[in-house]
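Student: The chain contents come next:
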Amino acid sequence: DAKTTQPPSMDCAEGRAANLPCNHSTISGNEYVYWYRQIHSQGPQYIIHGLKNNETNEMASLIITEDRKSSTLILPHATLRDTAVYYCIVRIPLSGSARQLTFGSGTQLTVLP
Amino acid sequence: NAGVTQTPKFRVLKTGQSMTLLCAQDMNHEYMYWYRQDPGMGLRLIHYSVGEGTTAKGEVPDGYNVSRLKKQNFLLGLESAAPSQTSVYFCASTIPRLAGGSHANEQFFGPGTRLTVL
Numbered sequence: 001d002a003k004t005t006q007p008p009s010m011d012c013a014e015g016r017a018a019n020l021p022c023n024h025s026t027i028s029g030n031e032y033v034y035w036y037r038q039i040h041s042q043g044p045q046y047i048i049h050g051l052k053n054n055e056t057n058e059m060a061s062l063i064i065t066e067d068r069k070s071s072t073l074i075l076p077h078a079t080l081r082d083t084a085v086y087y088c089i090v091r092i093p094l095s096g097s098a099r100q101l102t103f104g105s106g107t108q109l110t111v112l113p
Numbered sequence: 114n115a116g117v118t119q120t121p122k123f124r125v126l127k128t129g130q131s132m133t134l135l136c137a138q139d140m141n142h143e144y145m146y147w148y149r150q151d152p153g154m155g156l157r158l159i160h161y162s163v164g165e166g167t168t169a170k171g172e173v174p175d176g177y178n179v180s181r182l183k184k185q186n187f188l189l190g191l192e193s194a195a196p197s198q199t200s201v202y203f204c205a206s207t208i209p210r211l212a213g214g215s216h217a218n219e220q221f222f223g224p225g226t227r228l229t230v231l
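So the sequences go chain by chain: G and E.
Here the working numbering is used: position 102 in the first sequence is 102, and no number is missing along the way.
Converting from the second sequence to the working numbering requires adding 113 to each position, the first position being numbered 1.
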């Protein structure tokens, strides 16, 4: 199972881009990279996922390196409401087509006014 | 669309008591999951279900039982609560969808149940 490594904490100024890195050097060829976030005391919220191409949606962009050993989540214009713990997750197969999400410690992003 | 809801939101039990946590989703999702989250830690999978009438063990199943009698509901039971089961319990559901020709799952989480066992 591929493990992920994230910095424990980061700060970002409000209105600036927040770039959250993640290392997953043992990722296998068909494993996806997912990003979730958890705002204090709430359930985790899906942000974005990708396999090998860069992805963008209304919340964020995901940049995956060509060798797929690392990725970066980009919040283009961070707001105070983006303060949360961000989890980078590599999917692990379970029975059938179910996918376990293994949550590590994540990165605590604090957006500063 | 209520999404994923959990009942109750808070509960305090004494050691040895039993209780059932209810998770309900109105998105017609096939897969449902129960996680626990201890203070300062990530989520750990307790049990999961890939369809009505089926359940399977996750990473930390001991002390818990589950049932999926209806597609929209996933119940988590504690037969004899212990202080080590003090935690926040999250339910999630998902439906596989195609992305680039392969299945990719996005899990929708409920708001959590905060359980304290004295």
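Calculated from the structure, these hints are not laboratory results.
Keep in mind that the hints are not guaranteed to be accurate.
[Unchecked claim] Some chain G residues judged to face chain E by a derived CB distance under 7 angstroms, without partners named:
| id | residue |
| --- | --- |
| 1 | 8 |
| 2 | 12 |
| 3 | 40 |
| 4 | 43 |
| 5 | 44 |
| 6 | 100 |
| 7 | 103 |
[Claimed, not checked] For the chain G half of the interface with chain E, some residues (derived, Cβ under 7 angstroms), not all of them:
| id | residue |
| --- | --- |
| 8 | 46 |
| 9 | 104 |
| 10 | 105 |
By construction, the Cβ of each residue, glycine as well, lies at the ideal position given by its N, Cα and C atoms.
Student: With reference to the structure, classify each hint as holding or not holding.
Tutor: So, going through the hints one by one against the coordinates:
With a least beta-carbon distance of about 11 angstroms to chain E, the hint placing residue 8(G) at the interface is violated under the 7 angstroms criterion. Given the 7 angstroms rule on beta carbons, the hint for residue 12(G) is violated: about 22 angstroms separates it from the nearest Cβ of chain E. At about 11 angstroms, the closest approach between the beta carbon of residue 40(G) and any beta carbon in chain E exceeds 7 angstroms, and the interface hint on this residue is violated. Taking 7 angstroms as the C-beta contact cut-off toward chain E, the hint placing residue 43(G) at the interface holds, the least distance being around 3 angstroms.
For residue 44(G), the interface hint holds, the least distance from its beta-carbon to any beta-carbon of chain E being 5 angstroms, beneath 7 angstroms. Checking residue 100(G) against chain E: minimum C-beta separation of about 6 angstroms stays under 7 angstroms; hint holds. Interface hint status for residue 103(G): upheld, as the beta-carbon distance to the closest one in chain E is roughly 3 angstroms, under 7 angstroms. Contact between residue 46(G) and chain E, as hinted, is supported at the beta carbon level, the nearest pair being about 5 angstroms apart and thus within 7 angstroms.
Checking residue 104(G) against chain E by beta carbon gives a least distance of about 5 angstroms; that is within 7 angstroms, so the hint holds. Using the Cβ-Cβ criterion of 7 angstroms, the hint placing residue 105(G) at the interface with chain E is satisfied: the shortest such distance is roughly 6 angstroms.
Of the numbered hints listed earlier, those contradicted by the structure are 1, 2 and 3.
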